[in-house]
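Engineer: All letters in the sequence shown, in the order written, are residues 1205 to 1354 by this note's numbering.
Hints may be right or wrong, so weigh each one.
Computed beta-carbon distance windows for the label pairs [what the hints assert, rightly or not]:
{"hint": "1", "residue 1": "Val1312", "residue 2": "Ile1252", "range": "24 to 32 Å"}
{"hint": "2", "residue 1": "Thr1287", "residue 2": "Phe1332", "range": "19 to 27 Å"}
{"hint": "3", "residue 1": "Gly1292", "residue 2": "Phe1332", "range": "28 to 36 Å"}
{"hint": "4", "residue 1": "Phe1332", "residue 2": "Val1262", "range": "42 to 50 Å"}
{"hint": "5", "residue 1": "Leu1290", "residue 2": "Glu1250", "range": "20 to 28 Å"}
{"hint": "6", "residue 1": "Thr1270", "residue 2": "Ile1334", "range": "18 to 26 Å"}
Keep in mind the hints are simulated off the structure, nothing from the lab.
Heads up, the beta-carbon is just placed ideally off N, CA and C, and yes, glycines get one too.
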Amino acid sequence: MIHNSTISVRLPPEQEAIRQKCFHPSGSFIEFRKEEIEQSIPSRFEKIARKYPDRIAVKTESHVLTYAELNATANRVARAASTFYLSGFEESLILVADGMGELDSTTVAVGSKKDIKVVKRIRTLHSFGILYGVFTLYLGIWYQLWGIQK
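Use the sequences and the hints to build the structure in full.
Structural biologist: Shown next as structure tokens:
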């Protein structure tokens, strides 16, 4: 017969000090389930961003980002970084374009060995992708491409 019991594990002092700081607001330590431990950090973050999109994720003196905004920004920066840093160039102009991104439809940045600096962002509502979509929908081209009957 298997029953739930608490197993006492002796941790090294430095890990025990960290654990002592990791308590849930209820006052008790919350252990991660095995499925949560085996997930990657990005997949865990995506899960939190979907569950709490409007909660504040990062707050500085000058900026506040919700989980949805931070996730959108992280995805765009990751695409720019993976393209630039694998290109072999020491410096480059970087263009990330989506028909309809989370917050931005287009981002222009400059990449160097040390960092990537965003030069210009075009918000989703000003997207050429949306304009193209509306225009082709009006002309009926969209329906023809996908074989959809009006």
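Engineer: Hints first: check each against the structure and report whether it holds.
Structural biologist: Comparing the hints with the structure gives:
no. : hint                          : result
1   : Val1312 x Ile1252: 24 to 32 Å : holds, 29 Å
2   : Thr1287 x Phe1332: 19 to 27 Å : holds, 20 Å
3   : Gly1292 x Phe1332: 28 to 36 Å : holds, 29 Å
4   : Phe1332 x Val1262: 42 to 50 Å : violated, 30 Å
5   : Leu1290 x Glu1250: 20 to 28 Å : holds, 22 Å
6   : Thr1270 x Ile1334: 18 to 26 Å : holds, 22 Å
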